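Novice: Here is what each chain is made of, one letter per residue.
Number of protein chains: 2
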Amino acid sequence: MINIIHRVGIKAPAQKVYEAIATIEGIAGWWTESTSGVSEIGKTVVVRFHTLEGNEIGSMNMEVTALDPGKKVQWKFTAGPEEWINTNAVFELHEEGDYTIVLFSHLGWREAVEFMAHCSMKWGIFMMSLKQLVETGKGKPSPNDIKIDNWN
Amino acid sequence: MINIIHRVGIKAPAQKVYEAIATIEGIAGWWTESTSGVSEIGKTVVVRFHTLEGNEIGSMNMEVTALDPGKKVQWKFTAGPEEWINTNAVFELHEEGDYTIVLFSHLGWREAVEFMAHCSMKWGIFMMSLKQLVETGKGKPSPNDIKIDNWN
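Chains as they are written, first to last, in my numbering: chain C, 1 to 152; chain P, 1 to 152.
It is worth saying that the hints were derived from the structure and are not from the lab.
Heads up, some of the hints might be wrong.
Note that identical chains are pooled: a pair holds if it fits in a single copy or bridges any two copies.
[Claimed, not checked] Calculated lysine-lysine pairs in the DSS-like style (CA-CA distance at most 25 Å, straight line):
no., residue 1, residue 2
1, K72, K147
2, K11, K140
3, K147, K71
4, K11, K71
5, K138, K11
6, K76, K140
7, K43, K76
Just so we're clear, the structure is a prediction, and the values are computed from it rather than from any experiment.
Model the full structure from these sequences, guided by the hints.
Specialist: Here's what the structure looks like:
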């Protein structure tokens, strides 16, 4: 399997980090302001990405496949970029001292294409946005996300 | 093979990006201030990492294995963390409009361990530092690098 993996440490209890990943309001605070749907097992969450001028540049649907409070969130992508279909995003949490460690994986890429390299960088940027949201109350979700290249 | 891959776009000519990766002065501007050695094919570059108080927290030696001006730089790690020995870092450059695209790979991890997930995030942070260095003249090399977790 070809996977993206990242590790980030957030100075907050695991339950607080979990809520930022497991709820619509949380996701909207670090990934994209346009997050909707229902974050319950078997239900679908929809994330949409826009330019600062409001033009949609992409979207994904994800089925929530794991919600283990304070420990794990998992999504299976069911619509969006062709390369993402049937891949899974997993967030595993554990506490170490003052930190909650997030082990993030985006699992099951079919090929290590250039778009995967873009997504790997961009997930890193969004993990820092998640860290900022939980530690300071304010993340940098799309459309105010940090741009990394000519794709976004 | 288990690899880290990232894509970053830098608003500058490829030759300028290349110089930031292919020279000791360049590397010291985005990765770690403590960069020494000789950046020539077959020679060794040494990077050392310190805390803000000046305590060394790690170092790597890398043999320069490719230097293709404006196009490619490759390093083979010959000393440092055990997991890095004999892995390779590759920077492939090409221009797209106003951007130079850097396709970065850290190739040949033996296992997708937690330390690899940390390094993947951290390489993303350093790619943004490289982008800032080339675009603005000032990156964020160690020891003033952005910290991502309880390891660094």
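Novice: All the hints need checking, so say for each whether the structure fits it.
Specialist: Each hint, compared with the structure:
no. : hint       : result
1   : K72 / K147 : between (28 Å within a copy, 23 Å between copies)
2   : K11 / K140 : both (17 Å within a copy, 22 Å between copies)
3   : K147 / K71 : between (30 Å within a copy, 23 Å between copies)
4   : K11 / K71  : within (16 Å within a copy, 40 Å between copies)
5   : K138 / K11 : within (14 Å within a copy, 28 Å between copies)
6   : K76 / K140 : within (23 Å within a copy, 35 Å between copies)
7   : K43 / K76  : within (11 Å within a copy, 46 Å between copies)
Of the hints listed earlier, there is not a single one the structure fails to meet.
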